[in-house]
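Peer 1: Spelled out, the chains give:
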Amino acid sequence: MRYEAPDSLDAATELLSSEPGVSRILAGGTDLLVQMHAGMTEPDLIVDIKKIPDLRAIVAEDSGFRIGAAVTGAEMGEHRELKSAWPGVVEAVELIGSTQIQGRATPGGNLCNASPAADSVPAMVAAGATVTVVGTEGTREIPVQEICTGPGQTSLKKGEIVVSFKLPARPSRSGDAYLRMTPRTEMDIAVVGVGVNLTMDQEGNCIDARVAIGAVAPTVLLVPEAAAALIGTKVDESALAELASAASAACRPIDDKRGTKKYRIKVAGVLAKRAAKIAVERAGQSL
Amino acid sequence: MSKELHVIGKASRKVGVMQKVSGQTVYAGDISLPRMLYCKILRSIHPYARIKSIDSREAEALPGVMAVMNGKDSPKKFGIMLRRGDDEVLAIDKTRFVGDSVAAVAALDEETAEEALKLIHVDYEVLEPVMSIAEGTVPPNGEPIHDYAELGNIHKRVSLEFGEMEAGFAKADLIQEDIFYYEGNTHLAMEEHATVAHYEADGKLTIWSSTQNPHYLHKAVANVFDMPPSRIRIIAPPTGGGFGGKVDPLNHEMVVSKLSMMTGRPVKITLTREEVFYAHRGRHPVLMKVKTGVKKDGSITAMDFKSFLDGGGYGSLGVATVYYTGALQTVTYNIPNYKFQGARIVTNKPPCGPKRGHGTPQPRFAVEVQLDKIAEKLGINPLDIRLNHLTRPFTKTANHLSITTTGLRECIEAVEKRSNFREQYGNLPLGKGLGLACGSYITGAGFPIYWNEMPHSGVQIQIDRGGGVTVFCGSTDIGQGSDSVLAYIVAEELGVTVDDISIVTADTSLTPVDLGSYSSRVTLMTGNAAIDAARKLRTLLFETAAKEFGVPLESLDARDNVVFCPENENCSISFPDLVVKAESEHGTLGSVGSYAPPPSTLGGKYKGAGVGPTPAYTYSAAVVLVDVDLETAELKVEKIWIAHDVGKAINPLLVQGQVEGSVYMGLGEAMMEEQVFRRGLHKTPSLLDYKSPTFLETPDIETILIETNDPNGPYGAKEAGQGPLLPIMPAVANAVYDAVGVRIDEIPIHPQKIFKAMRDKEKGKEGRYGPKGVPEIPFPDPIRVESQWGQRADQESSR
Numbered sequence: 002m003r004y005e006a007p008d009s010l011d012a013a014t015e016l017l018s019s020e021p022g023v024s025r026i027l028a029g030g031t032d033l034l035v036q037m038h039a040g041m042t043e044p045d046l047i048v049d050i051k052k053i054p055d056l057r058a059i060v061a062e063d064s065g066f067r068i069g070a071a072v073t074g075a076e077m078g079e080h081r082e083l084k085s086a087w088p089g090v091v092e093a094v095e096l097i098g099s100t101q102i103q104g105r106a107t108p109g110g111n112l113c114n115a116s117p118a119a120d121s122v123p124a125m126v127a128a129g130a131t132v133t134v135v136g137t138e139g140t141r142e143i144p145v146q147e148i149c150t151g152p153g154q155t156s157l158k159k160g161e162i163v164v165s166f167k168l169p170a171r172p173s174r175s176g177d178a179y180l181r182m183t184p185r186t187e188m189d190i191a192v193v194g195v196g197v198n199l200t201m202d203q204e205g206n207c208i209d210a211r212v213a214i215g216a217v218a219p220t221v222l223l224v225p226e227a228a229a230a231l232i233g234t235k236v237d238e239s240a241l242a243e244l245a246s247a248a249s250a251a252c253r254p255i256d257d258k259r260g261t262k263k264y265r266i267k268v269a270g271v272l273a274k275r276a277a278k279i280a281v282e283r284a285g286q287s288l
Numbered sequence: 106m107s108k109e110l111h112v113i114g115k116a117s118r119k120v121g122v123m124q125k126v127s128g129q130t131v132y133a134g135d136i137s138l139p140r141m142l143y144c145k146i147l148r149s150i151h152p153y154a155r156i157k158s159i160d161s162r163e164a165e166a167l168p169g170v171m172a173v174m175n176g177k178d179s180p181k182k183f184g185i186m187l188r189r190g191d192d193e194v195l196a197i198d199k200t201r202f203v204g205d206s207v208a209a210v211a212a213l214d215e216e217t218a219e220e221a222l223k224l225i226h227v228d229y230e231v232l233e234p235v236m237s238i239a240e241g242t243v244p245p246n247g248e249p250i251h252d253y254a255e256l257g258n259i260h261k262r263v264s265l266e267f268g269e270m271e272a273g274f275a276k277a278d279l280i281q282e283d284i285f286y287y288e289g290n291t292h293l294a295m296e297e298h299a300t301v302a303h304y305e306a307d308g309k310l311t312i313w314s315s316t317q318n319p320h321y322l323h324k325a326v327a328n329v330f331d332m333p334p335s336r337i338r339i340i341a342p343p344t345g346g347g348f349g350g351k352v353d354p355l356n357h358e359m360v361v362s363k364l365s366m367m368t369g370r371p372v373k374i375t376l377t378r379e380e381v382f383y384a385h386r387g388r389h390p391v392l393m394k395v396k397t398g399v400k401k402d403g404s405i406t407a408m409d410f411k412s413f414l415d416g417g418g419y420g421s422l423g424v425a426t427v428y429y430t431g432a433l434q435t436v437t438y439n440i441p442n443y444k445f446q447g448a449r450i451v452t453n454k455p456p457c458g459p460k461r462g463h464g465t466p467q468p469r470f471a472v473e474v475q476l477d478k479i480a481e482k483l484g485i486n487p488l489d490i491r492l493n494h495l496t497r498p499f500t501k502t503a504n505h506l507s508i509t510t511t512g513l514r515e516c517i518e519a520v521e522k523r524s525n526f527r528e529q530y531g532n533l534p535l536g537k538g539l540g541l542a543c544g545s546y547i548t549g550a551g552f553p554i555y556w557n558e559m560p561h562s563g564v565q566i567q568i569d570r571g572g573g574v575t576v577f578c579g580s581t582d583i584g585q586g587s588d589s590v591l592a593y594i595v596a597e598e599l600g601v602t603v604d605d606i607s608i609v610t611a612d613t614s615l616t617p618v619d620l621g622s623y624s625s626r627v628t629l630m631t632g633n634a635a636i637d638a639a640r641k642l643r644t645l646l647f648e649t650a651a652k653e654f655g656v657p658l659e660s661l662d663a664r665d666n667v668v669f670c671p672e673n674e675n676c677s678i679s680f681p682d683l684v685v686k687a688e689s690e691h692g693t694l695g696s697v698g699s700y701a702p703p704p705s706t707l708g709g710k711y712k713g714a715g716v717g718p719t720p721a722y723t724y725s726a727a728v729v730l731v732d733v734d735l736e737t738a739e740l741k742v743e744k745i746w747i748a749h750d751v752g753k754a755i756n757p758l759l760v761q762g763q764v765e766g767s768v769y770m771g772l773g774e775a776m777m778e779e780q781v782f783r784r785g786l787h788k789t790p791s792l793l794d795y796k797s798p799t800f801l802e803t804p805d806i807e808t809i810l811i812e813t814n815d816p817n818g819p820y821g822a823k824e825a826g827q828g829p830l831l832p833i834m835p836a837v838a839n840a841v842y843d844a845v846g847v848r849i850d851e852i853p854i855h856p857q858k859i860f861k862a863m864r865d866k867e868k869g870k871e872g873r874y875g876p877k878g879v880p881e882i883p884f885p886d887p888i889r890v891e892s893q894w895g896q897r898a899d900q901e902s903s904r
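These protein sequence lines map, in sequence, to chains A and B. Under our numbering, the first residue of the first sequence carries the number 2, and numbering increases by one thereafter. Under our numbering, the first residue of the second sequence carries the number 106, and numbering increases by one thereafter.
What the hints contain is simulated information worked out from the structure, not anything from laboratory work. Keep in mind it's a predicted model, so treat the numbers as computed, not measured. Just so you know, even glycine gets a beta-carbon here, dropped at the ideal spot from N, CA and C. Misleading hints may appear alongside valid ones.
To be verified - Across the chosen pairs, the derived CB separations fall in these ranges:
| # | chain 1 | residue 1 | chain 2 | residue 2 | range |
| --- | --- | --- | --- | --- | --- |
| 1 | B | Leu735 | A | Ala39 | 37 to 43 Å |
| 2 | A | Ala229 | B | Glu743 | 37 to 43 Å |
| 3 | A | Thr186 | B | Ala166 | 48 to 54 Å |
| 4 | A | Thr186 | B | Arg889 | 51 to 57 Å |
| 5 | A | Thr150 | B | Glu230 | 38 to 44 Å |
| 6 | B | Leu801 | A | Ala229 | 35 to 41 Å |
If we strip away everything but chain B, and leave its shape as in the complex, we get (with noise of 0.2 Å):
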């Protein structure tokens, strides 16, 4: 259906945005019920250590203590991997890192509840903590933290290669060798995690939870406790900030059910900032090898990609991760053979999980960090081996990613000319430079979390006889506007104004499941549900107006709370008019849709091809400027162009803000986020020693948006949230190379590591900072696939 567009498109306000400017927004942190109580957990002061035995009798007794609970009360694990899941509700008998869950108190007020901790014994048989990817990939000197581990403490272990990687390297005329290393960072999402949990006295629980994805909460939750899914409802209110750092359901969700069920009254946990570092599901920080060959142009011959990362105690989203690490470095540029091994380690620290960009992150700081190497090396410009070498459109990678639309061309030149790059990189003055980086990031994942046939998004619209518009949907809108994209499409497709749609979200018992904010799948997937559904009323309503005026069907339109025939002005009827006859003619108003990734897109048939197929592939271009003090190494990012493909902007100014969060988030993470430990402890779990840019040291960000109107999107539309972080990290050190000459190898890139860079290249040593080795470790024999580069990609359009 091609017709003129009139609300998607256009900038225009946020869904719930005056509520939320106002101080109105109801959080979970902000829920309060009658008789409500308060619980707090009782964590690790050890990174790894055995529990010999809990004494809770003295808690137990303090008065305003209702109960106490610990692992042995609630033991079935669980995990956002679901039946593969780690996660504990409190530790059953170890403790994986400081800050593990050991025991939880409800109490009538929280200090009643902290009080009571302190009247916890717990005695702890101190175990020896691995806390690093060396210690990790070594023997373990004691038991592995997990029993389930593949080998000591290495949890998981992937090994695929697509192509003729022997007959690929040996056509290369250069053959580049890189380690990088990826510190990890958090989330640091605005609201502190919280949850309300009441199990009422007809058996049924229902939970209020600060969460990315009610539905895996709601299947953990029923496979924890043995229930009937169909007693349990799960409610996420308007989330603070996600980020990935609410995506896993996490055990305080659990304690507060389980304390419920115990007291039957309502019971509340909101983490404290410290708490929120502990439950973390972060960055993992990743150690990684690059092997490339490369011909006298540029072009890429072989990728041999290694990675290892530290996963923490818990498995999370880890085993995907692993996978993310290696999948996508073939979606951006041609690498016609391709070959990955990744591990992930398991130590003794928060849990790492997904955060924005999910394992993907580290390897395009690696990978684009290598190809300006490899460009200096051959003496290409840093723009042509990249334009040189893009994957094209509707082709088929390496690894048997089928990529569909791709403006990464388009974004590229418009980097380019906006920072003048050609003429600018490599003759600013000693202490400025540029630099430039690409990344290209999935549309949702094209396969939910556990297999099965059904949508991966529902959405149901009903019609109130005054022409209200409710559109129910279990998206969850964490802050990127899932319900504006609701609603826009919606009011596009009826043609009524966006005030008259009413949105009801993210509640397991009143809205068609949508699989969860993660993967940036959300625009792509609820949006073409919303269009299925709005489109099957349009037709209701459109054939009762097409009777009324004896027109055809298809010579009407709508928009404004009107509908009407165009060519014919006595043909017009207000949307409230035309639904009572609609109403009238075809009884109650409404209707479903719901959306899968169609097949085309699903990727490969090999073992692990699961991991990276989207119906649709983003693709981002930035330069930055930094400035380095020649002598204190201080790094100023002063500018940042960004061009982003996002196939169509629903809302151009939504998009602009996840642009530039984007850009925020990644030059946090390039200059100065990073998890520290000493002795096992998390040394910064606080906002204000944990650092995170301000807007001070937010450089002026220049957005500009690609459109390439993809077949699979919704209008065309791609994602926003996720990709353009992607390029930020390793432009910032493209960038510090070009200002002052030094490679820095490593994530975060600290003034000191810029520093001592500068200082071994004054004293004629290689002027770069970063890691020198990897662990060597026995990787299985790889799943080998013939490889698909280049083969056409079917074009079959979603609906």
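Only chain A is shown next, with the shape it has when bound in the complex (with noise of 0.2 Å):
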């Protein structure tokens, strides 16, 4: 097994891209040495990109915010104008692990081992955030949404890099919020995870809306239907009840140890409910 830490993207991806075996990225390595330690994967190669400058920032863009993809989850936390502009994006990384992992993780990670369950997932697919990828053969930008493809799997071609995630610009009165369900408040897997994003107008009605369900299927869901119940709506009860039912309605969950397919569908819907209230609350809004 070889070891790499290369100082810029170019020699990264070039390190992976001519590999002939099998090769990792690392970042935290909060997934990927548990999965070595338990025998799960033996990379060939491992390519440490924590010491390219451009993975580790983040920075004010076109008055949204880009974050590099080894950012970790305390640093994000720490930011104070990502964190105010965007926290139900900074409370999903918040919540991934416990305090000691989220010195560690990071959102490139969490959402390239591809876990159904991911906690930043959901809170970045209704952010809207794209990807910039980068490999040999160039760069591309894409939604969050477009990466995971299955448990485990990922739309990226080998010699592929997720640099950073972009967060737009975000009209005023908009909020987000992410909620999820554990059994234990932290080092737990989400049963189910909900983000909400939304834009109210000044008489008080959602005139944009974005809802992303995680560990309810195959991949992150982006639940359109779910968002249409809020949009044009004051977000009363009518309208939460409207959008639980559109949750519930597009959640395909496993029965599995941690949740029954009937609990995971109700509680979709009643964490849809109750993240939109904090997402319009924090739109500055009352309802």
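Each of the two chains sits in its own frame; use the hints to bring them together as a complex.
Peer 2: Here is the structure:
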């Protein structure tokens, strides 16, 4: 097994694309090292991307934010402007693992590990975030939800690296929120996670919304029907009830030890409703 | 001897704690010897299989591998039940669960040993596994898992009847029948088991091991290797938590011993966390049926209790566990007529054994939840159905157990007062609920695991010429503070400070036998032995001082390293000076003391009467406040009030620690912990996947200690390590009912179960989640014994 820690993106993509065996990218290592320790993966090459400056920075860009894929959850939580602009995204990152884990874990790793239950992903999808992917053949900018294709599987080609997340500029009177259900407060995996991002107008009508749900399908679901239940309403009780049923209807969960199908479907609706209320509150409106 | 206590009863620092918090404590896993080899064990990938052949030639040829062994190299069986043990050093012809041990390697380093495991080729014939109580109680398809089982895969059946059941039920105004299930869970001690064995050229074997029971391990090792015990020395270094998981002698301890004999070098093994899940010996899953007759006032006229235990692949202490699921129901409330039938089933899962509360949390859950159901039907407050029918001090139970002191009334009253249960119960807003439950537990098993008439605990004290005092005892400090108890008691009796005392424990060559850290026996038994030894020395020292001062011996006292006469300030001598004078007068200073439970506490004479008796029962009561989310059924425990009758707190701070630890462990069992298997495979053998609460889920715990000064306890002390766990699980279940009106008759209480019961209730169905029936199996005719309920128990002091 070879360990490399290049300081440029070019060098990293070159290493990854020329490795004939199994290569893995190391960011915080909170998934990779656990998998290696359990004997689930034995990479021939590990490319540590933490020495690449672009991947370690949070910068304001086009009235939005660009977040390096190897920024830690703790660093996002400490970034005051980011946290005030995108509280839902930041609170999702701050639910990964535990306080200690968040000192290492990164949004890039959380996305590329491709767990259907990853906490940061529904919030990013709801936020309308895009990622910049760089490979030897160039750069592409794609929506976050196009990265994961199934549990543990991504659309990334050999040698490609997720470099950064772009959180777009957003109108005033916008708010986002992420809620998840776990039996245990920390060090647990979401039974269901829901991200809601919305914009209200001066009259208190919801004019834009995105709803994403995790852990209820092979990948995180962006649910336009749930968003439609909010848009054009004052996000009152009847709209919230519509939202809940739309969110529940979109779920295609499995039965497992963490939750039965029926339970997950019901909880997805409840969390969507509660997250929407928080998002509205954050958008500076009262219900 | 009644005198003012200077050390006992005071909050003070735990012995050895500074080393622990500064990382200096040497655990078994820290031990490293010159020329030491590392051992790894190859484990079965099948839940049930016959081993057709093992080819380890490739492994043996790997550079760095010093020895490879399999079951045929050490075929003698062993176990905590000694002669009845069914544990194999390594599987002999069958593997009985995924993780069962098949072969072992000793190599120069762990990596090489692991590499070598991959080169061992095992040819298995896969057999059809039995994975549940239901599958184990029907006639087996193939061959039974063990040939000694009584009937198919039913390992052991017990059937006992005390008093007149028919007449008892005939007197009842209400007969309540319920079925409960309690899922299995594991100990989760912080320290993974580690063992170093060193077989030296003189034919002597030394074993350092994380064990709760050096004495039983000593016997087992001698038996497995047909060695005289005099050639074997077992040392238990400070153990990083046990909770029952290190009670059994375990096969890895035998494996490294054998490999050391084969190689002539020390051999070490440290189990991984995953392997600890396979070593297990944890809580038995138990399915229970309880039929209870009560009068309108809530008094019980008869109880018929049935339990079915899922034992896993080996016997462990399981026979005792079956009895324990039936033994202590009678100790808390008046039950004049009582019947118990229990069966332990062998399944292809990691073996179950003793875990904190050993066989009693499951029936306690059933009894306490059922009492609440009865109370509701009769319109009685849950407090009163308990308070009005408590067993009385110094009486016997239906099954011939002798109760000495009981502080259960004070316990219930204390938690009622703090929680305001009487006013709040039934009156909190929807979603908030209070639950009450009680429990009782033994302070040490009345009988040793093998029959003998020797002391259960021995203590030896030596005083050096500088005034230092060394206490020797076979007891094993697993974190509960047993070393501290010895130090406090000897300090109290000799009038020296705790810091002047050195403790040498858990070494079969250096220390007199103490049976081990199980059954909550250590404080009472080593404590009494320590008092016995210390008072002999105290008398010797006081004789010298009395002569020196020309005062009567009785007028002397000792504290803070000074022996003095309170009435005469001129009579005072420092402890070191007195030691010099005493040794000059008496010769080398030392003494021994011992303890065995008094015969009056040893219970009945019927077959099976050996499980349940103890010198003293403890009592606990808890009130739990919960919040249940009305939409998601998420369960949060917001507050716990717990009162425990500890007899006398030797160190209230350590007792509080034991109580809080019990509450925490009980909450884990109540809310989330469980062993889950799929296709024979343990689904969650890691700290990440096996969900146990963190401090974030642990609510504010208010601990109240009740002191009843038991005549059999040292200074009146009883146990604190296990009893306080018992009320937690039923109190949570009862609180959930108060919060949302559904009965969860199954542990753990997951939100999904509450959710399902709430949905059912909305649909007009019974708002209950739990098992629907129990298997029909033939039980032997019960052993019928006259009930001794309410008879006077002899009040005989142990000293």
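Peer 1: The structure should be examined with respect to each hint, and the outcome stated for every one.
Peer 2: Evaluation of the provided hints:
1. Under the hint 37 to 43 Å, the C-beta atoms of Leu735 of chain B and Ala39 of chain A, about 39 Å apart, fit the expected range.
2. Judged by the Cβ atoms, the range 37 to 43 Å given for Ala229 of chain A and Glu743 of chain B holds: they are separated by roughly 38 Å.
3. Separation of Thr186 of chain A from Ala166 of chain B is about 51 Å and conforms to the stated range, judged on CB atoms against 48 to 54 Å.
4. Taken as a hint, the range 51 to 57 Å holds for the pair Thr186 of chain A and Arg889 of chain B, whose Cβ atoms sit roughly 52 Å apart.
5. Taking the beta carbon of each, Thr150 of chain A and Glu230 of chain B are about 41 Å apart, inside 38 to 44 Å as hinted.
6. Roughly 37 Å separates the CB atoms of Leu801 of chain B and Ala229 of chain A, a value that falls within the hinted 35 to 41 Å.
Violated hints: none; the structure is consistent with every hint.
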